[in-house]
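Number of protein chains: 6
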Amino acid sequence: MLSTLIELERLKRLDRTGWVLRGFPNGTESVAAHSFGVSVTAMLLADELERQGVTVDVEKVLRISLLHDWAEARVGDMPRTATMYFGAEARKQAETAAFHDLTKPIEQVDARYASLYHEYEERNSLEARLVKAADVIDLLVEALALERAGGRGLDEFWEVAENPQLQLEGAAKQIVEDLLQTLLKARAEILSRPHC
Amino acid sequence: MLSTLIELERLKRLDRTGWVLRGFPNGTESVAAHSFGVSVTAMLLADELERQGVTVDVEKVLRISLLHDWAEARVGDMPRTATMYFGAEARKQAETAAFHDLTKPIEQVDARYASLYHEYEERNSLEARLVKAADVIDLLVEALALERAGGRGLDEFWEVAENPQLQLEGAAKQIVEDLLQTLLKARAEILSRPHC
Amino acid sequence: MLSTLIELERLKRLDRTGWVLRGFPNGTESVAAHSFGVSVTAMLLADELERQGVTVDVEKVLRISLLHDWAEARVGDMPRTATMYFGAEARKQAETAAFHDLTKPIEQVDARYASLYHEYEERNSLEARLVKAADVIDLLVEALALERAGGRGLDEFWEVAENPQLQLEGAAKQIVEDLLQTLLKARAEILSRPHC
Amino acid sequence: MLSTLIELERLKRLDRTGWVLRGFPNGTESVAAHSFGVSVTAMLLADELERQGVTVDVEKVLRISLLHDWAEARVGDMPRTATMYFGAEARKQAETAAFHDLTKPIEQVDARYASLYHEYEERNSLEARLVKAADVIDLLVEALALERAGGRGLDEFWEVAENPQLQLEGAAKQIVEDLLQTLLKARAEILSRPHC
Amino acid sequence: MLSTLIELERLKRLDRTGWVLRGFPNGTESVAAHSFGVSVTAMLLADELERQGVTVDVEKVLRISLLHDWAEARVGDMPRTATMYFGAEARKQAETAAFHDLTKPIEQVDARYASLYHEYEERNSLEARLVKAADVIDLLVEALALERAGGRGLDEFWEVAENPQLQLEGAAKQIVEDLLQTLLKARAEILSRPHC
Amino acid sequence: MLSTLIELERLKRLDRTGWVLRGFPNGTESVAAHSFGVSVTAMLLADELERQGVTVDVEKVLRISLLHDWAEARVGDMPRTATMYFGAEARKQAETAAFHDLTKPIEQVDARYASLYHEYEERNSLEARLVKAADVIDLLVEALALERAGGRGLDEFWEVAENPQLQLEGAAKQIVEDLLQTLLKARAEILSRPHC
Numbered sequence: 028m029l030s031t032l033i034e035l036e037r038l039k040r041l042d043r044t045g046w047v048l049r050g051f052p053n054g055t056e057s058v059a060a061h062s063f064g065v066s067v068t069a070m071l072l073a074d075e076l077e078r079q080g081v082t083v084d085v086e087k088v089l090r091i092s093l094l095h096d097w098a099e100a101r102v103g104d105m106p107r108t109a110t111m112y113f114g115a116e117a118r119k120q121a122e123t124a125a126f127h128d129l130t131k132p133i134e135q136v137d138a139r140y141a142s143l144y145h146e147y148e149e150r151n152s153l154e155a156r157l158v159k160a161a162d163v164i165d166l167l168v169e170a171l172a173l174e175r176a177g178g179r180g181l182d183e184f185w186e187v188a189e190n191p192q193l194q195l196e197g198a199a200k201q202i203v204e205d206l207l208q209t210l211l212k213a214r215a216e217i218l219s220r221p222h223c
Numbered sequence: 028m029l030s031t032l033i034e035l036e037r038l039k040r041l042d043r044t045g046w047v048l049r050g051f052p053n054g055t056e057s058v059a060a061h062s063f064g065v066s067v068t069a070m071l072l073a074d075e076l077e078r079q080g081v082t083v084d085v086e087k088v089l090r091i092s093l094l095h096d097w098a099e100a101r102v103g104d105m106p107r108t109a110t111m112y113f114g115a116e117a118r119k120q121a122e123t124a125a126f127h128d129l130t131k132p133i134e135q136v137d138a139r140y141a142s143l144y145h146e147y148e149e150r151n152s153l154e155a156r157l158v159k160a161a162d163v164i165d166l167l168v169e170a171l172a173l174e175r176a177g178g179r180g181l182d183e184f185w186e187v188a189e190n191p192q193l194q195l196e197g198a199a200k201q202i203v204e205d206l207l208q209t210l211l212k213a214r215a216e217i218l219s220r221p222h223c
Numbered sequence: 028m029l030s031t032l033i034e035l036e037r038l039k040r041l042d043r044t045g046w047v048l049r050g051f052p053n054g055t056e057s058v059a060a061h062s063f064g065v066s067v068t069a070m071l072l073a074d075e076l077e078r079q080g081v082t083v084d085v086e087k088v089l090r091i092s093l094l095h096d097w098a099e100a101r102v103g104d105m106p107r108t109a110t111m112y113f114g115a116e117a118r119k120q121a122e123t124a125a126f127h128d129l130t131k132p133i134e135q136v137d138a139r140y141a142s143l144y145h146e147y148e149e150r151n152s153l154e155a156r157l158v159k160a161a162d163v164i165d166l167l168v169e170a171l172a173l174e175r176a177g178g179r180g181l182d183e184f185w186e187v188a189e190n191p192q193l194q195l196e197g198a199a200k201q202i203v204e205d206l207l208q209t210l211l212k213a214r215a216e217i218l219s220r221p222h223c
Numbered sequence: 028m029l030s031t032l033i034e035l036e037r038l039k040r041l042d043r044t045g046w047v048l049r050g051f052p053n054g055t056e057s058v059a060a061h062s063f064g065v066s067v068t069a070m071l072l073a074d075e076l077e078r079q080g081v082t083v084d085v086e087k088v089l090r091i092s093l094l095h096d097w098a099e100a101r102v103g104d105m106p107r108t109a110t111m112y113f114g115a116e117a118r119k120q121a122e123t124a125a126f127h128d129l130t131k132p133i134e135q136v137d138a139r140y141a142s143l144y145h146e147y148e149e150r151n152s153l154e155a156r157l158v159k160a161a162d163v164i165d166l167l168v169e170a171l172a173l174e175r176a177g178g179r180g181l182d183e184f185w186e187v188a189e190n191p192q193l194q195l196e197g198a199a200k201q202i203v204e205d206l207l208q209t210l211l212k213a214r215a216e217i218l219s220r221p222h223c
Numbered sequence: 028m029l030s031t032l033i034e035l036e037r038l039k040r041l042d043r044t045g046w047v048l049r050g051f052p053n054g055t056e057s058v059a060a061h062s063f064g065v066s067v068t069a070m071l072l073a074d075e076l077e078r079q080g081v082t083v084d085v086e087k088v089l090r091i092s093l094l095h096d097w098a099e100a101r102v103g104d105m106p107r108t109a110t111m112y113f114g115a116e117a118r119k120q121a122e123t124a125a126f127h128d129l130t131k132p133i134e135q136v137d138a139r140y141a142s143l144y145h146e147y148e149e150r151n152s153l154e155a156r157l158v159k160a161a162d163v164i165d166l167l168v169e170a171l172a173l174e175r176a177g178g179r180g181l182d183e184f185w186e187v188a189e190n191p192q193l194q195l196e197g198a199a200k201q202i203v204e205d206l207l208q209t210l211l212k213a214r215a216e217i218l219s220r221p222h223c
Numbered sequence: 028m029l030s031t032l033i034e035l036e037r038l039k040r041l042d043r044t045g046w047v048l049r050g051f052p053n054g055t056e057s058v059a060a061h062s063f064g065v066s067v068t069a070m071l072l073a074d075e076l077e078r079q080g081v082t083v084d085v086e087k088v089l090r091i092s093l094l095h096d097w098a099e100a101r102v103g104d105m106p107r108t109a110t111m112y113f114g115a116e117a118r119k120q121a122e123t124a125a126f127h128d129l130t131k132p133i134e135q136v137d138a139r140y141a142s143l144y145h146e147y148e149e150r151n152s153l154e155a156r157l158v159k160a161a162d163v164i165d166l167l168v169e170a171l172a173l174e175r176a177g178g179r180g181l182d183e184f185w186e187v188a189e190n191p192q193l194q195l196e197g198a199a200k201q202i203v204e205d206l207l208q209t210l211l212k213a214r215a216e217i218l219s220r221p222h223c
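Chains as they are written, first to last, in my numbering: chain F, 28 to 223; chain B, 28 to 223; chain V, 28 to 223; chain D, 28 to 223; chain C, 28 to 223; chain R, 28 to 223.
Some clues are possibly wrong.
One copy or any two copies: either way a pair holds, since identical chains are not told apart in the list.
Said to hold, decoys possible - Once the Cα atoms are required to be at most 25 Å apart in a straight line, the calculated DMTMM-like pairs of lysine to aspartate or glutamate come out as:
1) 119 x 77
2) 200 x 128
3) 131 x 205
4) 200 x 134
Bear in mind the hints are in silico, worked out from the structure with no lab data behind them.
With the sequences and hints as input, model every part of the structure.
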């Protein structure tokens with residue numbers, strides 16, 4: 028178990044390249060910090076969904092949130108353009124292989140982790156899609172924080188909020204879209220201040 | 028929900044003061060990155076425990092792991108010496124109050140979160156004690172990473188590994204102590220290298 | 028004497044949490060750097076006051092400036108919200124106790140330091156109040172520098188400049204208020220630039 | 028031309044992941060800083076070679092040195108393990124495609140750049156192999172600097188110095204191996220100091 | 028050769044003080060990263076010039092670009108105001124002496140390097156003047172990146188773009204001025220965005 | 028007064044180049060943080076001296092400590108080697124001129140500051156020499172902190188502790204030398220630990 032933990036510890040220092048490539052300083056956000064944000068967001072989303080009467084496997088939501096970026100400890104945090112050049116399929120395969128090798132030392136449970144990882148990659152359950160929604164929301168919450176502190180040049184990240192393609196339906200869709208709208212409004216307010 | 032997420036985002040940048048006060052550079056580890064490490068560690072511990080036939084409420088383990096440090100978004104990451112001066116009881120009260128205010132905007136589920144937070148503070152369940160064990164283990168995994176990279180002066184953190192007081196029993200106790208022993212051995216190996 | 032100096036050295040790396048919690052990068056300003064700014068500001072204020080014929084104990088002003096944040100080496104740089112939860116009185120007591128322990132090794136002069144610290148905490152002399160004014164001014168000079176470099180989201184810090192409650196009178200009041208007005212004007216100029 | 032320069036500017040902030048994944052702080056070395064080191068090293072190697080009577084196309088050496096890492100502005104600085112999962116061939120193809128797109132805006136000379144990039148990837152000239160040698164040497168000079176400052180855990184990087192496979196011959200081989208031996212000796216000296 | 032490389036490695040960490048003194052965080056740009064930017068820019072400028080039929084010694088351009096800031100490894104990155112107090116002549120002499128000492132260990136080629144350095148200092152060739160132009164352009168490309176990310180307060184750097192005094196003529200003058208105009212336009216576009 | 032404060036604020040971010048050039052990360056210590064350390068050290072030294080019956084003008088000691096590095100806001104933190112190339116005399120003149128211009132806006136007291144600065148530069152009083160001793164001691168306290176955290180390669184800084192040439196006499200000499208010996212002992216203890 029320790030060898031896996033030691034490798035995952037590296038995510039605490041690994042920069043999310045998106046900010047760095049847009050002119051923000053090193054250390055703006057680590058992959059581990061982002062994974063924390065995704066997990067917390069997913070938990071709140073799932074709880075709100077349950078409150079509205081929809082059944083969600085919250086344990087699964089949290090497990091997927093926590094492990095969805097583990098492969099980056101071996102593959103790095105590839106910028107979006109990298110995917111373009113490798114192809115989404117090759118990237119998925121490489122990350123899946125990295126994930127498997129990383130979890131191999133946790134024998135007897137590794138198959139379960141692999142299955143959760145696969146579920147996320149395929150977005151083939153409500154839980155997986157909720158985590159993807161949380162991934163997007165956490166990105167925008169971070170963008171909002173940077174913009175509040177004066178950061179600019181992040182418009183492209185916000186486009187997804189206008190037209191999220193998260194394959195959600197019913198209450199889940201509503202909750203996520205409401206949250207995205209609140210985010211857009213919070214952003215508009217920040218940017219419209221006399222001294223934005 | 029957004030106001031809570033915005034506050035929690037601050038944990039991504041909040042330094043764990045322990046490293047900074049011991050001469051390590053700013054940005055060594057954020058509270059959010061640590062919370063991620065604790066959550067992942069707790070998940071692996073719980074899964075191993077289940078594998079050995081012990082029933083654990085993994086969802087609860089993950090919920091507690093994710094929320095146990097939220098109060099720091101308002102109270103800061105207090106160094107150990109601070110607790111000495113405020114008193115453990117006052118600190119617990121202040122953090123509990125901060126936690127409540129932070130989760131107040133997530134109406135209807137906030138009571139549940141408060142209860143989980145209370146459970147952790149009181150260590151009155153296997154799940155709460157597992158998270159505390161994960162908290163200690165993640166600290167040592169980080170210390171190990173820093174020492175592998177040449178960092179020194181962290182001996183006091185390792186003392187807990189020799190004599191953990193985690194109120195665990197049976198399989199849980201065994202798993203955690205085995206992991207701590209493996210950590211101590213990994214450390215000894217690093218420090219005994221010809222050019223430590 | 029050395030043990031005290033070693034502890035105070037920690038202030039060189041301890042982040043002022045105010046900036047970090049508002050989205051600025053780690054390392055924006057250390058407590059030691061702020062203490063330097065306060066001391067320099069207090070010296071200039073005191074000299075201007077003396078020039079206008081008011082008697083000030085400048086040595087005392089400088090001593091108080093230099094030592095007023097020492098307790099943070101043990102208690103950390105608590106965010107404003109932390110004070111809310113602990114209560115101003117408890118915070119004062121904790122910091123005073125930390126200050127005493129920190130200065131205990133400098134026997135025979137520690138009582139004098141304790142008395143200066145107490146004087147600052149109580150604001151019961153012109154000198155103590157001048158240091159508090161310098162504390163506010165240095166905060167705003169730093170905020171101004173961050174805003175000049177594009178930083179935003181610091182409005183709340185500026186509110187104090189509009190309505191400082193520093194218990195100063197006569198020439199001291201005039202000098203400080205003039206400086207605050209000049210700061211506000213410098214800020215307005217920065218924010219009104221075509222490309223603020 | 029400007030769009031290419033703007034993209035390459037990103038390399039100034041992009042961390043070399045190798046250090047970060049081994050526990051060193053963000054900002055330890057940027058890709059741009061490394062490229063500078065490689066270019067300077069390659070220039071000195073080429074000049075020494077010429078001094079010994081071997082003809083080298085120094086202009087080509089410098090061009091290759093400067094451009095050999097440009098693709099990372101789009102693909103990121105992939106850790107060694109990433110290559111394992113994508114396959115060396117896929118990585119080469121992705122980086123080549125990224126390089127082409129990046130240089131497309133510099134019409135009329137882009138073909139020439141593509142050819143130099145290809146030459147480096149194939150190591151099919153003395154000049155290309157010299158740059159590869161410089162790449163290795165700059166890595167070790169950086170490792171040496173980190174170790175001199177107390178950094179540890181970099182042994183694996185030094186293995187290449189013992190058995191470099193750089194396809195060099197004659198004087199070039201001799202010069203590079205001598206330099207690697209001097210590096211190893213400098214390292215041994217650092218590590219053997221009483222207080223290494 | 029190694030001792031020179033070891034000293035030059037220091038440029039990878041040496042901050043360009045211009046940004047730091049204007050309120051940007053430490054680590055914004057290293058001297059080595061800037062030298063890389065200058066070299067790449069100079070290469071593109073020279074290639075465009077050749078394409079237009081002007082003969083340029085590109086090898087010389089690249090050599091000068093790479094070595095023009097080496098003296099800073101011993102003298103530091105002096106802010107503009109420092110030159111004012113030391114006098115431009117004294118600064119040139121000090122840097123030249125530092126450059127000589129730094130390259131002394133690379134016997135037999137050091138005279139050639141000294142001559143290139145002198146050529147740059149005197150701007151007495153097209154190649155030297157092209158590198159100076161690249162030095163200015165790289166500064167503005169970095170400023171643009173910082174402004175795109177929300178940075179402000181850099182107006183004074185842009186003044187040079189309006190009135191470059193680079194002693195260039197003919198095609199070289201045209202190419203550089205066109206590039207500066209494109210930079211100014213790119214900047215204007217950034218600053219005119221609704222939420223600059 | 029504000030323009031002077033704004034310029035001095037820059038010292039909060041200006042790196043002490045000594046650490047950076049020796050392989051430590053940016054942000055290790057700012058000039059402002061060092062000035063704070065010097066001021067505090069000087070205050071403790073002066074108080075101990077007074078306790079032993081020697082008369083010291085503590086106000087003057089503190090004033091000199093606070094202002095002795097102001098010139099660096101305009102001249103930068105020059106590495107030791109820089110002084111070699113400019114000459115100690117030229118450096119002193121440049122820094123003195125920078126100091127004068129920096130304090131010119133604080134009319135009517137600037138002459139007094141100039142006189143204190145001159146006194147420090149000439150070391151022609153007990154107070155000036157005490158500040159110089161504090162400057163050395165603060166450097167070593169910082170070095171000690173870095174070494175405790177695993178930093179190495181700082182031996183040359185410690186040589187001064189063996190043979191300080193601080194022109195002190197009597198009790199002052201004794202106090203400073205005792206403190207330096209305690210520092211050397213503390214260092215020896217750190218370096219002799221089993222896992223230094």
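A quick look at each hint next to the structure:
In the homo-oligomer, the alpha carbons of residue 119 and residue 77 never lie at most 25 Å apart, since the shortest distance is 31 Å inside one protomer and 30 Å across protomers. For a Cα distance limit of 25 Å, the shortest separation of residue 200 from residue 128 qualifies neither inside one copy, at 35 Å, nor across copies, at 28 Å. Only between protomers do residue 131 and residue 205 lie at most 25 Å apart by alpha-carbon distance; the minimum there is 19 Å, versus 40 Å within a single protomer. In the homo-oligomer, the alpha carbons of residue 200 and residue 134 lie at most 25 Å apart only across protomers (20 Å), although the nearest pairing inside one protomer, at 37 Å, exceeds that limit.
Checked against the numbered hints listed earlier, the structure breaks hints 1, 2; every other hint is satisfied.
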